Every structure is written in structure tokens, then in C-alpha cells.
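With chain A fixed as given, assemble chain B onto it according to the hints.
Chains as they are written, first to last, in this note's numbering: chain A, 265 to 832; chain B, 3 to 269.
What the hints contain is simulated information worked out from the structure, not anything from laboratory work.
The structure displayed is predicted, hence computed values, not measured ones.
Any given hint might turn out to be false.
Stated by the list, open to error - If you anchor each label on the Cβ, the simulated ranges turn out as follows:
1. A/Arg612 - B/Leu55: 55 to 61 Å
2. B/Ser185 - A/Arg612: 56 to 62 Å
3. B/Trp92 - A/Thr557: 56 to 62 Å
4. B/Ile164 - A/Pro569: 49 to 55 Å
5. B/Ile164 - A/Trp685: 32 to 38 Å
6. A/Ala501 - B/Ser185: 49 to 55 Å
7. A/Glu280 - B/Leu55: 35 to 41 Å
8. A/Gly323 - B/Ser185: 26 to 32 Å
9. A/Asp491 - B/Val195: 57 to 63 Å
10. A/Glu676 - B/Val195: 29 to 35 Å
11. B/Leu55 - A/Thr557: 50 to 56 Å
12. B/His18 - A/Gly665: 52 to 58 Å
Beta carbons: idealized from backbone N, C-alpha and C, even for Gly.
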Amino acid sequence: MEAIRLEGVGFAFPGERPLLRDIDLSVQEGEVVALVGPTGCGKSTLLHICSGVIPHFIGGELSGSVRVLGLDTRQASLARMAEHLGVVTQDPENQLFNLIVADEVAWGMENRGLDRARIGEGLDRALEFFRIPHLRHRITYDLSGGEKQRVVLAANHAPEPRLLVLDDPTSQLDPIGAEEVLAGIRGLAERGQTILIAESRLEEVWSLVHRVILLDGGTIQLDLRRDQLDHHLDRFAEAKVPLPQTVELGARLRRRGLPVPPLPPDPDRAAELLRGVRPGPPPPPAPEESRPTRVQVRGLDYTYPPPRRTRALKGVDLDLPAGSVVAVVGQNGSGKTTLARCLSGHLRPGSGRVQVEGRDVHRMSVRERAAAVGYVFQNPDHQIFKDPVLEDVIFGPLNLGLDRAQALERAERVLRALDLWEVRHLHPFRLSKGGRQRLAIASIVAMQPSVMVIDEPTTGQDLQESHAIMRLLVRIAREEGRTVVVITHAMSLVAAHCDLVAVLCEGELIAFGEPEAVFREEALLRRTHVKPPSITALGNRLGLEPRPLSVEEAVARLAPSSLEVAGR
Amino acid sequence: MRPLYQFSGQDSFLHHLDPRTKLIFVVSYLLISFLVPQPWVLFFLLILAIWALAGISPAEYYPFILLMLPIMAAIALVHLFLIEGAPYLWSTQLGPVRVGASGPGLRVGLDLGFRLGTMGLAFTLFAMTTEPFQWGMAMYRWGLPYKVAFMFAFAIRLYPLIQEEFMVIQRALRARGSNALGSFNPLIFFPGVVTAAVPLGLSAIRRSQDIAMAMELRGLNLPEETGRPRVLFREVRLRPIDLLIMAGCLAVLGALLGLRLSTHVLG
Numbered sequence: 265m266e267a268i269r270l271e272g273v274g275f276a277f278p279g280e281r282p283l284l285r286d287i288d289l290s291v292q293e294g295e296v297v298a299l300v301g302p303t304g305c306g307k308s309t310l311l312h313i314c315s316g317v318i319p320h321f322i323g324g325e326l327s328g329s330v331r332v333l334g335l336d337t338r339q340a341s342l343a344r345m346a347e348h349l350g351v352v353t354q355d356p357e358n359q360l361f362n363l364i365v366a367d368e369v370a371w372g373m374e375n376r377g378l379d380r381a382r383i384g385e386g387l388d389r390a391l392e393f394f395r396i397p398h399l400r401h402r403i404t405y406d407l408s409g410g411e412k413q414r415v416v417l418a419a420n421h422a423p424e425p426r427l428l429v430l431d432d433p434t435s436q437l438d439p440i441g442a443e444e445v446l447a448g449i450r451g452l453a454e455r456g457q458t459i460l461i462a463e464s465r466l467e468e469v470w471s472l473v474h475r476v477i478l479l480d481g482g483t484i485q486l487d488l489r490r491d492q493l494d495h496h497l498d499r500f501a502e503a504k505v506p507l508p509q510t511v512e513l514g515a516r517l518r519r520r521g522l523p524v525p526p527l528p529p530d531p532d533r534a535a536e537l538l539r540g541v542r543p544g545p546p547p548p549p550a551p552e553e554s555r556p557t558r559v560q561v562r563g564l565d566y567t568y569p570p571p572r573r574t575r576a577l578k579g580v581d582l583d584l585p586a587g588s589v590v591a592v593v594g595q596n597g598s599g600k601t602t603l604a605r606c607l608s609g610h611l612r613p614g615s616g617r618v619q620v621e622g623r624d625v626h627r628m629s630v631r632e633r634a635a636a637v638g639y640v641f642q643n644p645d646h647q648i649f650k651d652p653v654l655e656d657v658i659f660g661p662l663n664l665g666l667d668r669a670q671a672l673e674r675a676e677r678v679l680r681a682l683d684l685w686e687v688r689h690l691h692p693f694r695l696s697k698g699g700r701q702r703l704a705i706a707s708i709v710a711m712q713p714s715v716m717v718i719d720e721p722t723t724g725q726d727l728q729e730s731h732a733i734m735r736l737l738v739r740i741a742r743e744e745g746r747t748v749v750v751i752t753h754a755m756s757l758v759a760a761h762c763d764l765v766a767v768l769c770e771g772e773l774i775a776f777g778e779p780e781a782v783f784r785e786e787a788l789l790r791r792t793h794v795k796p797p798s799i800t801a802l803g804n805r806l807g808l809e810p811r812p813l814s815v816e817e818a819v820a821r822l823a824p825s826s827l828e829v830a831g832r
Numbered sequence: 003m004r005p006l007y008q009f010s011g012q013d014s015f016l017h018h019l020d021p022r023t024k025l026i027f028v029v030s031y032l033l034i035s036f037l038v039p040q041p042w043v044l045f046f047l048l049i050l051a052i053w054a055l056a057g058i059s060p061a062e063y064y065p066f067i068l069l070m071l072p073i074m075a076a077i078a079l080v081h082l083f084l085i086e087g088a089p090y091l092w093s094t095q096l097g098p099v100r101v102g103a104s105g106p107g108l109r110v111g112l113d114l115g116f117r118l119g120t121m122g123l124a125f126t127l128f129a130m131t132t133e134p135f136q137w138g139m140a141m142y143r144w145g146l147p148y149k150v151a152f153m154f155a156f157a158i159r160l161y162p163l164i165q166e167e168f169m170v171i172q173r174a175l176r177a178r179g180s181n182a183l184g185s186f187n188p189l190i191f192f193p194g195v196v197t198a199a200v201p202l203g204l205s206a207i208r209r210s211q212d213i214a215m216a217m218e219l220r221g222l223n224l225p226e227e228t229g230r231p232r233v234l235f236r237e238v239r240l241r242p243i244d245l246l247i248m249a250g251c252l253a254v255l256g257a258l259l260g261l262r263l264s265t266h267v268l269g
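Isolated chain B, as found in the complex:
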């Protein structure tokens, strides 16, 4: 199991796409999920797409799905009981108030839950198939200053390390007889997070100082000092397939939007 959102270094169709293409795909997909009547189809379609086009099976990111499920279920439950309307799946009269689980509520709740799940999955697809470097350099190509883009990419590269460090700290807490981070009681869990934040924060400060020094010694500021422009060895470039996918995404999105608007206006 990889830590959440960690880049998975396969050699696949999705891995080879330009980050900008994937970003446009992800945004289009999210918008489409709001335009189609059955968003759950998109949710499962995305799982299949990640598997088939990126070679990443759900076994590699199931903790993320497990994390999403209670949130999706909570959204569905809230709407199940808050939205009124026949047919009722179950109902009871509590004095003047009728409490019930409505069919429309279930439908709206499930739709919203799956839309949220689709958003999370789409981000997983992007993060697991996009090198932080490419991500950063794509932003550089879009005009972001090099250092900002590089630091952004570096922060993403650092994230799995911090996550692993957090897991070690969680085990260290257990070794000291505290299972606060495994507790479902917020009064135990949150103080546990504060306790774990001490070693995590201090190690992050120490690490950031060492990293800043090492970057400086590898010439991060050399282009400014010498006036020689920095050269990028590996270019981030849009290929025809990228342009084709971008155009396809925008076309589908446009068509669905048009269909929805015309249905709304005509209907």
C-alpha cells in the first residue's frame, strides 16, 4: 500500500500525458459529474480507467476509498432524512413532525456522495500518475516563476516522506501505551494529534533547514548570481494526443452543457 496521493511510477498511457491535459480532464470530469443524472457510473468508470489506463489497481489506493466511504455515506444519510417527498422508504410520526427516509432524499444523497467520491478519485488519478516535477514545470510553462514552481513540486515530493514519518510517530505513540491516533473519540483523537505534532513539527523544521542549505549548495541561486539562464534538461511539452484529449474533454463538456441548457430552456 502506498501512502495516499503518492506518485506511482508506472509506465502507462496516463503517466505519459502532459499534466495540463490531465488537469483539464479532471476538471471536465468533475463538471460532467454534475451534469449527468447517474454520477455513480462516473465513479466506477474512473476506478476502471485508473486500472486500465494507468495500471494502478484499487488495492493500491483502497485506504483512500475507505476514507471516502464514511463521508459519502454521511452525505447520503443527511439527505435521506432531510429531503422530504414521496415515496417514503420508511417513516414515523413524532408528534406534529413526520420523520422519514424519503426516496428523493436517498437519490440526492447518493448523487452528492458519489460526486464527492468522484472528485476525490479524480484527484487521486492526477496525483498518482503525474510526477511532481512535471506538475511544477507545467506551471512554470504557464508563467509561474521557476523557484515557486520548483518548490511546489518539491513540496509534493516531500509529502509521502512526511506521511511515512507520521506513521512512524503513530507507532511510537502506541509503543508508549497511547492509541490516541487510532481512537474514534474526538476528545482523545485531537489531543493525540497535538502530541504527534511535536516530533513531526520539530523534525520538519530541522529537515527544512538542511534542505534549504543543500539546495543552495547545489546552485539554486546560481542563475541569478551569474546571469546565466537556467536550462531545463527535460522539457514538458504538449503532444498531439494531449491536444486531442483536451479537445475531446472540452467537446463532451460543451455538448453536455448545451444539452442541459437546451433541456432546461425547452423543458
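Here chain A stands alone, though its shape is the one from the complex:
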């Protein structure tokens, strides 16, 4: 039976260009279908249409026919739709309404008027299914991101909906959280749950989907079975949607004439299939650059006050050079954010010191510190203070004592460099999330600190925007000689853009060096739940020297002299 049937569906806000056009889509019960596409392609809009949020909650011009689980979504109320649906969105914080986990999971069943015995059974079953019975009596705001999202999934699964709609449910989570959530979704898929999922990281959902739909420009560009994807490499590249790295590698090696079968995303299995391929000779090593130390961290120790009392940093020593981009990685709770806050002077360590160009940051005034170390917070919306964009950028320089003319001069330079000059008269909240993230960075760059600490600059952004932000940070480091410290979970971005990577595990620095060297140490990284990019992990298994940090490098190593055959 069809769970979803869309015919000639379009949607636009009044007076604006259509967000979706001519959408024909059929999803059978028991199918798991992934929607992929660049930011703004209409994924969330399509999910809103399928869940009845459009037209009942979000108004606009909806055309065509929409039938979900046999109901015409225009006729059925949102409450009626909700009876048969589970909907999970990106931010778990906005989907938790109760204080205690058990209350949260039971709430949907209470609303459906199930009797107490059935609610109890549903509650036990859902907690067990998502492996969270130990969280039953926990307070929801004390949970980690991954735990929260699993609670949300359990709460949606407990009433046994016929269709589950998931909007990028792992985008705000660290790798462990994402893995936990995906394991839960995988379990649901194996049980035959119908799932429509928008996911920016195809690599993550590869193993659980039956079909992949590529949306771009508001229309469906491709509707394929999973095993057909690597025949459409160019189309995915055009839409800036990355295929899993090893899948893309396999397709590109075949284009170069190598007899390579389609590769799976799992590096172990991909390595098995590539055993017969002989790599070319390693390229000559790049000349080493020597950069002076900008930030010196010695014996940094921090313990949170009661009731937490966690020793978050244990004697960390670090030397961060000028003009470099340094990634700080590690699982949640490993001490990354504590380190970043100590570096920027927002947190005074119990012992140890942080010196920027020889000066202790904790002996500086608020103003001096802001001039020396800039801190960009994870959520750009928490650091937008003025309207319009231009005023927001000059806010910091004015606080540092610059006059308006000087501040405006700096702001113009920065806004032009960050492609924000054209929107300088707009309210910051009219920018896209990527735009607001660039604005947050611009506001700190305009203060010209010698060190910039940036907390998760790419969370919630698609890969294209993430790379754009990271390229921007590299440019700032190289051209202006700043030290840029990035806290991140995105290892492919670390591999592609960072000069150094510091790995934290339970408050200790367990590795520090160039990504190529650090990503070799898989066993060490596993201690803090960090996985190298799958292409580097594949390089580790094949013994490639040096280890590839991108698909391009792997292709160059495995098929150095063959020519790419275009048009496949």
C-alpha cells in the first residue's frame, strides 16, 4: 500500500518564487526513502507537506494532490494526521516538553487516549528498542544531544505510527550521538517501518535506505535505488551533494579505467575490494613551514564546581602557531569547549596558564581579552546584537574604543571579504544560517584579534556551506596571520582544511599533530570516539603513503597515470 502519494505538487509563499515544483512522489509502506540535496533545495518543505504541517501550520500556496496514509492532507486536520505519524526534526531541544524521560515517551500515547496498561507497555518497548531504559527517570535537559534525540525518537515510535518523517535528525549531534540515533533508525527500518528521511550526510544513512531522491532547485532530479547512485556521480557533484567517500572513489577509479567493483561506504569492506589495486609511488613530501608560536598553554587544569565537580581538563600543554588553523576534536565531555573557554579567557582555570603573545589572557580586562582572543559561539543567533548587519559588525570595534569612522572602515573590509557587503543593510535574521554564521565570524574578525576560537562553525550546515566556512577560516589564518582554533566533529573538514589537530579524551590531550599523522592512530582515536574520514581509514587499511585526506588524493595515489573517462 502507498504511504505517500504526491502528484504535481508545488509550494510557494505568497509573492515569492516557488520552493517546490512538479513533485511526483510515491512511497510504499515499509520503504525507507532518503531525501538529499543542497541547502534550500526544498527538503524540509517537502517533509512539511508530507506531515501536513503545510498547509495546516505553515501557510502558503500549495498546489497538486497530497495523500498521506490515505488521507488528503488538505482535508484532514493536523491532529488527525499526527495520529498516524511520527515527526522528528533537527533540534531535540524543541521536541522535548516534559521534564522526565518516561513522561516524554508516554505523552504521545496519553494524547491518543490509550489505557494505562498499553501506555506502560509502549513505554517499556520504546525505551528498550532505543536502548535507553537506563534514562527512564532522568531529567531531559541533563541528557547529551544523542540521548535527547533518542528520547524524541522513542517518544515518536512509542504510539507505533505508520509513517516516520525525519528531518536531518543527526545534524546537530556529535559522531557518537549521531551513531546512536542512526542505530535506532536502522532498527526501525529493519522492522519494516516506513521512513522518509532528509539527511545531509548520505554516508550515514547509506546502509538503511532503499531509495534516494535528489532534490535540487525545488524539483526532483533523481529518484534511484541505492545501488544506482554511483552511476550519477556528476549529477550529485553538480548539486553539491557528496556521495560517501569510498563510493565516490570507486566510481572515479572506474572512470579512470580501473576494474574496480562498486565500493561500499565501510572502509573495511572497501579495502577488501581494492586489495588488487597497486598504488603509485608516493609524491615528494611538501616543504615544512616554520611558524612562530602564538598561543602557549601550560598545565591547564579545570574542575567544574558542584554539583558537577567534573575534572574537565587535566594538565593540558599546547603550542599553537601563528597563521594556522587548529582543530580540537574529541567526544562530548572530552573537554573541548572547556579548553576553548579557557583559551578565550571566559573560564579561569584551576591551575596552569594560557598566554597569547606572552600575555596571560586571564590577567587581561574584558576589553583587552576581546581584542586579543575572539570567540565565535556555536549558535550564530546568540551573538547577533544589532540591526542591520553593518551595525552588528561595528559593535565590537566600537566597544574596543575605535571611533565610528575607523570601525566602519574595518567593517567594510571584512564584509567585502566575507561576501556580506551587499546585505549590509538587511536585518541579520534575514540571512540564511550560513550567512548568519559568516556574520558571527565577520563580527569577530573586525575586532582583529590575533587568535580566533570558533565553536562548531559548521553544525547544521550542508557540506558545501561547511567547506565554504572552513575555506574562509583558512584564508583568515593565512592572509592575516591569525591563529584559528576550531572545535569540530566533522573529520572530513579537519582533514581537508586544518593544519593541526588536537585530540582530547576525558580532559587529557592524547594526540597533537598534522591530520595525516593523527588520523593514522585509529586505536588511539577510538578512545575518544573519533573516527578518521572514511577515505583516510581506507588509506590506513591499504597502507597508502602518505595517507589520503580527500577522495582526490586517494584517486591520485591509486590511479596516478590513468585518464578519467568523462560522461559516465
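Just chain B now, with coordinates in the frame of chain A:
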């Protein structure tokens, strides 16, 4: 340190009491603080009670005490100088006016300060030991419509998140070179609050829209739509110990009130 008034999820005697019991206890305690001559005893007694019966040490809510202290001190100081009467602890003659710190003024000021502190602490006890859900459902049992009671509980659940968000915004302001929210100068502090309100307000609006949508999708309006009544899985029910404590509170309050009235009438 927990944000102020955040529920502390311990498993204690006070946590297990019905919210209605705690509410009656808190109200009785406040009234008693006006009836006894040494309210400071009640202030410290409450700190001990929170520690012993709820397992929450003062280290977990000391910012609240620090916040209360200047207010309590200000009240004591005002009364110290405004209330006249011997014995004077210190005095001086300024022309025709005698300015002095009087013993009775100190006594009244300290009493009022500690009463205010006791009120604040009593509310802390209630908030830190009562789940918002229980709070809301107790109100539902008292006849409030479900949605109003649920939204009330949800608002309390949301409060710590907003407080944490405010702290992040405060740090973000410092990162931009402004320490307005740490200033004691009202001319700097209040404009700082206005500046911080921009991201806080906009994020609250955005969040409220997402939350409303998510609630609707989890069936908040389903009982009205289908006519099937909502079932509460976890009941809020008064136990014998609750009734005993309520009766005890009312008895002590009644006895003190009676004593005060009889003293007043007879004395």
C-alpha cells in the same frame, strides 16, 4: 552550580511529597515567619531542612543566597537609620536633625530582611524539589484545564534553558568587548540588558514556533479532535504522609496564630 530555581533531580523525602503538600508547607512557613520573634532561626532552619530532607547543599544554590544578601542588607540598613528609638548604636546631631543607627531599627530591619530571605528560600525549596510536571498536574487536579496546566509546567521546564541561553549571550557580549551585564552602573547595565534581549527574544520566538509545531504533531489537540479523553499515565496523588504534613502545618500555624491573638488580646 545549577541555574536558579532549576529542579534538582534527587530522590529524597521532599522530592516525593505531593506539590500541594509542599505549597501548603511553604505558605504556612512564610506566615509562621511573621508570627515568630526570631525569623533568622527559620531562615537557617530552612537551609538545614533543604540539605537534610532534599539532599541539596547550599553550594548548589549559593548564587541565589548571594543575590538575596544585598537586598536583605539594604532592608536592614534602611530600617536601621529610619526607625528611631533608644538604645542608639551610633548617632550624631546634624543641625536640628539627629541621625543615628538605632537598636530597634536594627532589630526590625534584620527581622524583615530574614523574612524576605526566608520567602525566597522557601520558593527555592519548592522549585528545586518539585517537578514542573507534578506542579502542573496538581493544578490540573485542582480544576485547571489540562492545556493551561501543561503549558505552565512546560514554561517552568523551559526556564533553565532560557537562563542558560542568557549566560551564553552574556559571554558572547564579553567576546565583543562589552561587559555591560557585569556592570554595577545602571546606565551601562540596562542598555546591556536591552542589547542582550535582541538575540534572546528572537531565539525565543523561533523556538516557540518550532515547539508549538512539534506539540501539535505529537497529538496535543488529538483528544479534542477524536473525542477520546486524555489518559494520565502517572497520577499525582496525595499519600497519608502528605495529609499528615498538611495537617501538621495547619496545626502549628493555627496554634501560633491563636497564641499571638491571645497574647495581643490578653496582653
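Please write out, lowest number first, the hints stated earlier that are contradicted by the structure.
Hints 1, 2, 4, 7 and 8 are the ones this structure does not satisfy, whereas the remaining hints hold.
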